[in-house]
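Starting from the known structure of chain H, fit chain D onto it as the hints suggest.
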Amino acid sequence: MLTFKIFYGLLKMNLNLPDVKIKIGFEIHQQLDTKKKLFCDCYCVDANNLDSTFIRKLRPTQSELGFFDSTTIFESKKNRLIKYHFSPNSSCLVEADEEPPHDINSDALETALIISLALHSTIVDEIHVMRKIVIDGSNTSGFQRTMLIATGGYIEVNDNKIGIQTISLEEDASKIISDDGVFREYSLDRLGVPLIEIAVEPVTVSGKIEEIIKIATTIGQLLRASKRVSRGLGSIRQDVNISINDGNVVEVKGVQQLDQLFTMIKYEIFRQHGLMLISEKLKTIQKTHEIAIGSKIIDVHDIMNNSKSKVIKKIITSSGDCIFKAIRIDGFGGLLGFEPYPGIRLGKELGELVRFYGIGGIFHSDELPNYGITLQEVQMVRKRLDIITDEINAFILVGGPSEILDYVINAICERLSYALIGVPYETRAITVEGKTVFSRPRAGSARMYPETDIPPFQISPLLLESLYTKIPKTWNDIILSITQKYKINIQLAEQIFDSRYYQIFEKISDSTSIPPSFVASKLVEDITNLERQGFDSKLLTIDMIKDVFSRLELNEIAKESIPLIFEKIMKNDVAGVEDAIVVLGLKSLTETELNEVIDSIIQEYSDIIKSKGRDSFSLLMGRSMSKLRGKVDGQKVNNIIKQKLEQLVHNRSK
Amino acid sequence: MVIKMNIEFNKSYSNYNYFLAENNLSIGDTVDVKTKETQYVGILMNRYESYDKNHIVLKLKNGYNIGIQIAKIQSIKKSDNLLKSGFQNKSFISNVSENLTLNQELPKVMLLSTGGTIASKIDYRTGAVTGLLSASDLYTSVPELKNYASVDTEVILNEYSENIEPFHWTLITNKIAEKINQNQYSGIIVSHGTDTMSYTAAALSFSLTNLPIPIILVGSQKSSDRPSSDAPTNLVGAITLATRLDYSGVFVSMHENLSDDVIACHLGTRVRKNHTSKRGAFESIDVSPIALVKDHEIQIKDFQSDFILNKRITDHGLQKNKLIAKPNFDPHVFLLKFYPGLDPKIIDNIQLLGYKILIIEGTGLGHVNKKFISHLKKSIDSGILVFMTSQCIWGKTRLTVYDTGRDLLSIGVIPLSNMLSETAVVKAMWLLANTEFKNIKTLMNVNYFNEISNITSIC
Chain H
21 MLTFKIFYGL
31 LKMNLNLPDV
41 KIKIGFEIHQ
51 QLDTKKKLFC
61 DCYCVDANNL
71 DSTFIRKLRP
81 TQSELGFFDS
91 TTIFESKKNR
101 LIKYHFSPNS
111 SCLVEADEEP
121 PHDINSDALE
131 TALIISLALH
141 STIVDEIHVM
151 RKIVIDGSNT
161 SGFQRTMLIA
171 TGGYIEVNDN
181 KIGIQTISLE
191 EDASKIISDD
201 GVFREYSLDR
211 LGVPLIEIAV
221 EPVTVSGKIE
231 EIIKIATTIG
241 QLLRASKRVS
251 RGLGSIRQDV
261 NISINDGNVV
271 EVKGVQQLDQ
281 LFTMIKYEIF
291 RQHGLMLISE
301 KLKTIQKTHE
311 IAIGSKIIDV
321 HDIMNNSKSK
331 VIKKIITSSG
341 DCIFKAIRID
351 GFGGLLGFEP
361 YPGIRLGKEL
371 GELVRFYGIG
381 GIFHSDELPN
391 YGITLQEVQM
401 VRKRLDIITD
411 EINAFILVGG
421 PSEILDYVIN
431 AICERLSYAL
441 IGVPYETRAI
451 TVEGKTVFSR
461 PRAGSARMYP
471 ETDIPPFQIS
481 PLLLESLYTK
491 IPKTWNDIIL
501 SITQKYKINI
511 QLAEQIFDSR
521 YYQIFEKISD
531 STSIPPSFVA
541 SKLVEDITNL
551 ERQGFDSKLL
561 TIDMIKDVFS
571 RLELNEIAKE
581 SIPLIFEKIM
591 KNDVAGVEDA
601 IVVLGLKSLT
611 ETELNEVIDS
621 IIQEYSDIIK
631 SKGRDSFSLL
641 MGRSMSKLRG
651 KVDGQKVNNI
661 IKQKLEQLVH
671 NRSK
Chain D
-1 MVIKMNIEFN
9 KSYSNYNYFL
19 AENNLSIGDT
29 VDVKTKETQY
39 VGILMNRYES
49 YDKNHIVLKL
59 KNGYNIGIQI
69 AKIQSIKKSD
79 NLLKSGFQNK
89 SFISNVSENL
99 TLNQELPKVM
109 LLSTGGTIAS
119 KIDYRTGAVT
129 GLLSASDLYT
139 SVPELKNYAS
149 VDTEVILNEY
159 SENIEPFHWT
169 LITNKIAEKI
179 NQNQYSGIIV
189 SHGTDTMSYT
199 AAALSFSLTN
209 LPIPIILVGS
219 QKSSDRPSSD
229 APTNLVGAIT
239 LATRLDYSGV
249 FVSMHENLSD
259 DVIACHLGTR
269 VRKNHTSKRG
279 AFESIDVSPI
289 ALVKDHEIQI
299 KDFQSDFILN
309 KRITDHGLQK
319 NKLIAKPNFD
329 PHVFLLKFYP
339 GLDPKIIDNI
349 QLLGYKILII
359 EGTGLGHVNK
369 KFISHLKKSI
379 DSGILVFMTS
389 QCIWGKTRLT
399 VYDTGRDLLS
409 IGVIPLSNML
419 SETAVVKAMW
429 LLANTEFKNI
439 KTLMNVNYFN
449 EISNITSIC
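Line by line, the protein sequences give chains H and D.
So for the first sequence, my numbering puts the first residue at 21; every next one is plus one.
So for the second sequence, my numbering puts the first residue at -1; every next one is plus one.
These aren't lab readings, by the way, just hints derived from the structure by calculation.
Bear in mind that the values here come from a model prediction, so they are computed numbers and not experimental data.
Please note that the accuracy of each hint is not assured.
[Unchecked claim] A few chain D positions that, by computed beta-carbon distances, are all more than 10 Å from chain H:
id: 1; residue: ARG224
id: 2; residue: PHE305
id: 3; residue: ILE371
id: 4; residue: GLY381
id: 5; residue: ARG396
[As the list claims (entries may be wrong)] Derived coverage of chain D by chain H (criterion: at least 3 residues anywhere in the stretch with Cβ under 8 Å from a Cβ of chain H; other residues may be distant):
id: 6; segment: 60 to 72
id: 7; segment: 227 to 241
id: 8; segment: 250 to 262
Where a beta carbon is used, it is the ideal one built from N, C-alpha and C, also for glycine.
Chain H extracted, bound-state conformation:
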């Protein structure tokens, strides 16, 4: 058992995690750093602008085994139009679903194979590209192209072998821009970028959720060690599968940060255990009373239309053809509002569920009369549902557009039937606070069918053989060898290796006499600082960086000039390195020019030198540096002034 301080989601007090068997598995989705997309020749870059648009509508289709997937049906009931924004620099007819897919990107495939080998997985003999139906609009085609590359395998984490289930290669989806209930808008630039999905075998966590974080971190490091994956926010996402006491598995999508993961898992354990406690209560009731969901469903819009409740009035005015229905639920009296843990109750779960259909919420008998709905109105509903024993039999009241209300009621009944089992099999989304909310029923395998536009293909044994040499070393080995080779500390080694400047770092360190620790700190610390000030590091190209360091090597510029030059370029004030040096006046002086400047200063202050002697050094140094900063190394100026001053004093004393 483990104690921790409960975050604001549950209670502001200490609470013990329930003593349950926790199983956690997850899928890591990592964008690959390929030049081009997975099934077309568009570059993986952000859109220039999003001025061009087109409009689509997606519909559910049957899988190859003849079933409709529940998620697909669910989504289609929302009946939305989708508007896509695109720019020709990052999208073509393939992303617009106007042209068949091209041949698969061989770099992306190679990366997926290398990662599979690194994870000791078995590569399938023949790869079949599949269509995973997703009709929320995030894919123009209505499906995501995905293929299973390998199965099995493991990764070593703290001397334990953690099993890998599957490794797949798939297309990333479009980025959502907005959703106003009528139009859902996406931008097409991210669509088609290659992603690798690694599904980790669920592990039983004995009280230590931290183990999970360690597994995720280790896989993340393996991917980054390959130097073949993208970096930055959104380039890695995790879906986490959580179950307790071997109950149904809940999938939580879109975890982007590891600290969020920690909070979310704890919330989910309480939620699932709470639902199990509710199910136990129901089972007790079942011994003495009948449990029946939707034993009577009646239209009560005549009662509600006369209600003075503002909430009810708002529902009526905001949806066109609005009706209200009441659902009788036998045996649930008191259980809809019951909170086994703070904030965990069936009523709330139902509220989240109906929101998926665009309905604001439900009312249940445990909380009524309330929200302006009067006792009299509640009694009228009860009477119409023939409810006599209030404490045992409950009801739910829900209102909305008539064309979808039956689907909503069906979903409510379905959800309540899970209350006896405990945890429903569903997909949830993570909130900013690290809680989870219902997002849709769990997608079934019925939503997968073959991509008939691309024939299956085999990986030649020769190719596979050649890829063994490309398997990345482990993260720790890589970092250790960097610290040894370049004599830099672990933190700096990790930073430089993980940055996009690692290759140029190696090149500069190997080919110049500039200390590697200096090169690394300029490339990670200085550039990061400038980025934090809002400047754009993309403007600073690898060639520019190379140019700057080679000028330093030739003593054309001083060490202190480097951040100044980077800043000018990242601010987009100048066109290039040469330009920056001129604008900043950083051109290094020749020995003669340097001596002339210092001599003229000495001349100017000759009186003071006469009177103060050696003590005039700091004055001379200050005056000189104000003219020479950035053009000459300060140490050098220091030496020259010292030397000249010494000579003057010496001569005078003679």
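Leaving out everything else, chain D in the frame of chain H:
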């Protein structure tokens, strides 16, 4: 990196079938497979005819298909662990049934299916395309149809449109005439593969004269097994036109552009498929589409002032008397695209092959290399009819502007104004089967269904 694409044609040795028979397995069985490296549980799936026969296809529990090399398999047996649960996920829709009650006052529409991707689905087990044309299937996949029409359906052909031949046009013509004579339909829809849909549209424009109602051809560029298929919106557009377009005649209903919100209605004789894969591939040539359908409303475009379009006859009782069907086509018409380097002797050979009419797709205003003149003259003198269209697609032919044109005119080559070369071929085949040969020369330039537009649009 080399990826071996797995298509091998005509492979006679069938390792695959032998393997399945030997292990007493059939498609659809759930199997446990052990290979040298690993093991899998999955459903045995059909393998397409065109793929090699050295692999079996398994659908795993997670829905992915994979191929397993037969040579690597150490053991395979039917599994007790049926994967049914993982494949069936009917939750959330179970008890909301689509109990369909159609409004009896809705206009009636006949949907004739000829094949192609629209209104069909792929059977993944056999790879065959099957009709999805029972009315209830149709209403399930395009639910909004029930607001607009009561649709009867009939499958009359099941051909990809590249396999459609002139005798199929005859069959379609007869079927349409039969349905019109039943006096109950507001319009007839013909679903058709897109590749040759414009040829069929032109054929029906000639073979069915005095049509009392609109005949709408409809296709799809994206098969209906994809959620993004253009089939439903094209079909809704076609139904809107079939029930509410004020004009009779033969039209094509397809996407106007890449968006799903506007469907264009093209004249059957002036439409062309101008893109291999885009939704908006069909374009009206030299004219704008007759109408656009948006939000189920028909917006009539400002069309050519010299167009002749008959109003539809709304009184079903009067429909049957007017229709004249001349369903036959004679395919002895050759379409020749001229290009630099083409050997003029081809002209002599075309005659030898028995063709009676030659349609040339000339360059620019309607030209061919001067070396062709003598060969063409020889053919014309021996009785072949030679007509000139332009490979420019847009614009009129004009043989009086340059010497070459005047030479062609003088030997008896007949220019066809801005008739599309494809339409000209179909029209010639129809005239050949239905009129005296001597009249064809004149009749080719008689406007039947706006295949020639005297005024070419500035836009």
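**Prompt:** How does the coverage statement for the segment 227 to 241 of chain D fare against chain H, requiring three or more residues with Cβ below 8 Å from a Cβ of that chain?
**Reply:** holds (count 3)
**Cβ separation check - D/PHE305 to all of chain H, threshold 10 Å** = D/PHE305 clear of chain H: closest Cβ-Cβ about 30 Å, beyond 10 Å.
**Request:** Between the segment 250 to 262 of chain D and chain H, see if three or more residues pass the 8 Å beta-carbon test, and mark the coverage as holds or violated.
**Result:** holds (count 5)
**Prompt:** Does D/ILE371 sit more than 10 Å from chain H, CB to CB?
**Reply:** The claim stands: D/ILE371 keeps its Cβ more than 10 Å from every Cβ of chain H (closest is about 43 Å).
**Prompt:** When you look at the beta carbon of D/ARG396, is every beta carbon of chain H farther off than 10 Å?
**Reply:** holds (36 Å)
**Asked** Taking 8 Å as the C-beta cutoff, is the stated coverage of the segment 60 to 72 of chain D by chain H satisfied by three or more residues?
**Response** holds (count 9)
**Prompt:** Going by Cβ atoms, does D/ARG224 stay more than 10 Å from chain H at every point?
**Reply:** violated (6 Å)
**Prompt:** Does the claim that D/GLY381 lies outside the interface with chain H hold up, using a Cβ gap greater than 10 Å?
**Reply:** holds (46 Å)
Checked against the numbered hints above, the structure breaks only hint 1 and satisfies the rest.
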